[in-house]
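Given the sequences, and given the hints that come with them, work out the whole structure.
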Amino acid sequence: MNDFMDDYGKPLFTLGISGLLYGIISTLVPSDQSEVVLTFFKACICFAFGISLYQYKKSKTWIKKLVVAFAFVFLLLTDMGYDILPQLIYLLNVLKIKGFILNLIYVFLGWTFFA
15 MNDFMDDYGK PLFTLGISGL LYGIISTLVP SDQSEVVLTF FKACICFAFG ISLYQYKKSK
75 TWIKKLVVAF AFVFLLLTDM GYDILPQLIY LLNVLKIKGF ILNLIYVFLG WTFFA
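The opening position of the sequence shown corresponds to residue 15 in the working numbering, with each subsequent residue numbered one higher.
Treat the hints as calculated values from the structure; they're not laboratory data.
By construction, the Cβ of each residue, glycine as well, lies at the ideal position given by its N, Cα and C atoms.
Be aware that one or more of the hints could be misleading.
Restraint ranges, calculated between C-beta atoms of paired labels, are given here [unchecked claim]:
#1 VAL81 with VAL51: 20 to 30 angstroms
#2 TYR70 with PRO44: 12 to 22 angstroms
#3 GLN101 with GLY33: 30 to 40 angstroms
#4 VAL108 with GLY23: 17 to 27 angstroms
#5 ALA83 with GLY33: 35 to 45 angstroms
#6 LEU52 with ALA83: 14 to 24 angstroms
Restricting the straight-line Cα-Cα distance to at most 16 angstroms, the calculated cross-link-like pairs of lysine to aspartate or glutamate (EDC-like) are [said to hold, decoys possible]:
#7 LYS112 with ASP21
#8 LYS74 with ASP21
#9 LYS71 with ASP21
#10 LYS74 with ASP97
In structure tokens form, the structure reads like this:
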């Protein structure tokens with residue numbers, strides 16, 4: 015039973031709680047601010063799900079975590095509509111990195127954070 019919780023329970027629990035929180039937050043946030051707030055929570059949920067997928071010994075290297083954190087914040091701010099580095103935003107637009115692909119990148123960054 016413990017192996018089941020480690021392999022499947024934590025990610026399922028993370029998805030369940032995250033879905034409930036997202037639903038609650040989507041009803042509480044005013045409509046004029048909902049896009050930015052829900053984008054932030056969507057990115058955090060994807061990142062947390064990626065973290066819950068990693069099951070092995072957690073890495074303690076801080077440089078990789080810092081790079082992952084900067085990439086996450088940059089992509090999050092880009093997804094929220096802030097233009098920090100126009101050249102990189104142009105590259106993301108050319109590569110069509112938005113929407114579902116961006117959510118998958120958030121999950122990957124969460125998984126990579128402790129790998």
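Against the structure, the hints:
VAL81 and VAL51 have their C-beta atoms about 26 angstroms apart, which keeps the hinted 20 to 30 angstroms range intact. Between TYR70 and PRO44 the Cβ separation comes to about 42 angstroms, which falls outside the hinted range of 12 to 22 angstroms. A hinted range of 30 to 40 angstroms holds for the C-beta pair GLN101 and GLY33, which are about 36 angstroms apart. About 40 angstroms separates the C-beta atoms of VAL108 and GLY23, a value inconsistent with the hinted range of 17 to 27 angstroms.
As the Cβ distance of ALA83 to GLY33 is approximately 25 angstroms, the hint placing it in 35 to 45 angstroms is violated. Against the hinted window of 14 to 24 angstroms, the Cβ-Cβ separation of LEU52 and ALA83 comes to about 21 angstroms, which satisfies the hint. For the given pair, LYS112 sits about 29 angstroms from ASP21 by alpha-carbon distance, which is inconsistent with the 16 angstroms threshold. About 21 angstroms separates the Cα atoms of LYS74 and ASP21, which puts this hinted pair outside 16 angstroms; it is violated.
With a C-alpha separation of about 14 angstroms, the suggested pairing of LYS71 with ASP21 holds against the 16 angstroms cut-off. This hinted pair does not check out: LYS74 and ASP97 have alpha carbons roughly 32 angstroms apart, beyond 16 angstroms.
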